[in-house]
Amino acid sequence: MKRVDLPIIWPGAPLLALAIFVSSECASAKGTGLVFVANEKSNTITILDADHKVVESFPTCGRPRGMHFTAGRDGFFLACGDDDTIAVYDIATRKLTKRFRDIPDPETFDLHPDGRHLYASNEDDALVSVIDVETGTTVAEFETGEEPEGVLITADGKFAFATSEAANLVHVIDTAKGEVIKDIVTGTRPRRMALTPDGKELWVSAELSGIVDIIDVASLTALGKVEFLPKGMRREQVTPVDVLITGDGATAYVALGRANHVAVVDVKSRAVLDYLLVGKRPWGLKLNKDESLLYVANGLSDDVTIIETASNRSLISVAVGQVPYGILIDDE
Amino acid sequence: MAFSSMMSRLAAILLTFVLVVTAAAAEVRTVKIAYVDRAGDPFYAHREGYGGIYDATRQPAVSGAELGVKDARIIGRATGVTFQLLRATVPEGAAAAEFVRQLMQRENPAAAILDLPEADVEAVAAALGRDSIPLFNIRHRGGGLRQKTCGMRLFHVMPSDAMLHDALAQYLKLVGWDEILVLASDSAADLAQSESFQASARKFGLSFSDVRQFVHGNDPRQRDLNNVRLLTGGAAYDAVFVADETHEFARLLPYRTVRPRPVVGATGLSPLAWHPQWERHGAPQLNRRFFKFAGRTMTEEDWAAWVAVKAIVEAGVKAGYSGGPLADELLKPELTLELYKGFPGSFRPWDRQLRQSILLGTADAVIGLAPVEGALHQFNNLDTLGLDEPEFHCPG
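Top to bottom, those sequences are chains A and B.
For the first sequence, our numbering assigns the number 7 to the initial residue and increments by one for each residue that follows.
For the second sequence, our numbering assigns the number 3 to the initial residue and increments by one for each residue that follows.
Bear in mind the hints are in silico, worked out from the structure with no lab data behind them.
Treat the hints with caution; some may be incorrect.
[Unchecked claim] When the alpha-carbon atoms are kept at most 20 Å apart in a straight line, the in silico DMTMM-like pairs for lysine to aspartate or glutamate are as follows:
{"no.": "1", "chain 1": "B", "residue 1": "K294", "chain 2": "A", "residue 2": "D80"}
{"no.": "2", "chain 1": "B", "residue 1": "K294", "chain 2": "A", "residue 2": "D296"}
{"no.": "3", "chain 1": "A", "residue 1": "K237", "chain 2": "B", "residue 2": "E375"}
{"no.": "4", "chain 1": "B", "residue 1": "K294", "chain 2": "A", "residue 2": "D130"}
{"no.": "5", "chain 1": "B", "residue 1": "K72", "chain 2": "A", "residue 2": "D130"}
{"no.": "6", "chain 1": "A", "residue 1": "K47", "chain 2": "B", "residue 2": "E375"}
Kindly generate the complete structure, drawing on both the sequences and the hints.
Okay, here's the thing in structure tokens:
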């Protein structure tokens, strides 16, 4: 419940206050509670409500994948790889409000804490480009290895990390200097990343090695790794993609792709605590604000599995569009 | 300050400078990858259908290798190892083995990719012997070559006929098309393909409706052998396998068989190392990248040349760390190569064949992927395709 500052007008103030109290929950610009799922093959976004029901589906630009809230959180950026576009949609109306065009094959991206610079990976061009969202111009480009995917900016905005899937590298961009200061070798096919809340560890999934590499942010060197192998599976069946770390830094969730499971990992000991069965080829993960629910996008069963994190139990799988890629939850 | 201490201070600075310079110079290593092809190679000769109705001329697979080196340039930035492709063409009429031997002495490459006729590949591998730099076969699928070169340092990137036919047989078994009519001409190549498929079919429990020879032509006196209705009549079958190196008989077989049955093998559903319409495992990224680079669709040979470079780069980077020779690094089981076909690739130590999944494709789609669901192996499911360790014997 958002706190709203009320003008004090006597004598009707208490009633007025009550009316505003009730309506502010729905009428505030943020926090609709809606869950947005980008479906990369049907070029749609499916919207779920808090009861896990599909309430809407709307068409987007071609091959929608990465999503991020805008700085004001009343809209979100959407990377459309086939249309070379990063689009902006308004959350309340679901209308397209802006388009940044001629951005080569954007896949994923991250927004700098300054709210103005978007770092996007250009999949086919081996580049990470920086777009100024106010002017719409590309202000910088960094050469990466082939097939850059994950982009993650540190909370202080100092570094932007980007993975190159085909080159098995994590590139470290010093945002102030405007250059790549280091390329770190990882396992095979690094996809996505997560930072521990204290900013000290960078976790990188290596899809074909079946592991998550852990990098020390201070020294930019390898610290260790987490290996995944659900019972009865072969190593090549485990293809980790999305990595998510809880706000208290205690737990990590890793979507294991072809293994059709999500791994629950204790961050401190790096031990896998459990494997949770979800749909087919889970890639995208998202926690709601209080981290009571984990949403999993299953690319090859066209659905989203919702897990209750307290019990690690799957509540429901909801059919969405074709090849769901990622999830955004408007509940801040 | 005393003169001697000033001099020793100067000497120290100079020494440090020299050390820093040599250290910097030593940091970037160039690794040469030789790419050997032959002028006038019949493989790349102009080929077209009868009357010029289609052009089947192959484009040089070196484009795949060039893309591989281009892909590796940022790895150079990360590791201080740069990769350079050295294309060397054997002149028409010259002996490949001698040419390559001289190339080795002159350029000292770390590895060589052989885009050469089969006899040349065999000769080069034999001439360079057991201790040669790693050599890569990116073109030939025959089991004979693999057997003859088993003791040499020749790595096979292109899948073998055994692997391809095992993949096809697995798929046919999976979909329950158990009884196969086999058609082949009496050319050596077609007979070899037919034998290979029959061995694979038996391995996976398929049965044969009949094995029949076809001839090319329209001579009515030979209609038993050249008429499709007669060739495919009088038998019950679930699918027709055709072996036809000319492609002329095979391309006119579908939809003309007596029974309405799918055609597999040389046309219809074919087992392939690569396919331009594979939509999973990142394949579209590689296909798009190649198309942008070479201006044409990526063929199986292009892909194999690209994979050869990738293997050299990955092993080269690791060898740089461990200091071991490249050939040893290539055979380590931890070598996990992203082949864009789902399963990670590695080289089998017994025959140096690249383990890989096989695509089952038509003209415009990939219908299946082998090893199929349910094909299991004690160690690695990819080894359900091709010759497994106990089945491969290398004398000496």
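When the hints from earlier in the document are held up against this structure, which numbers fail? 1, 2 and 6
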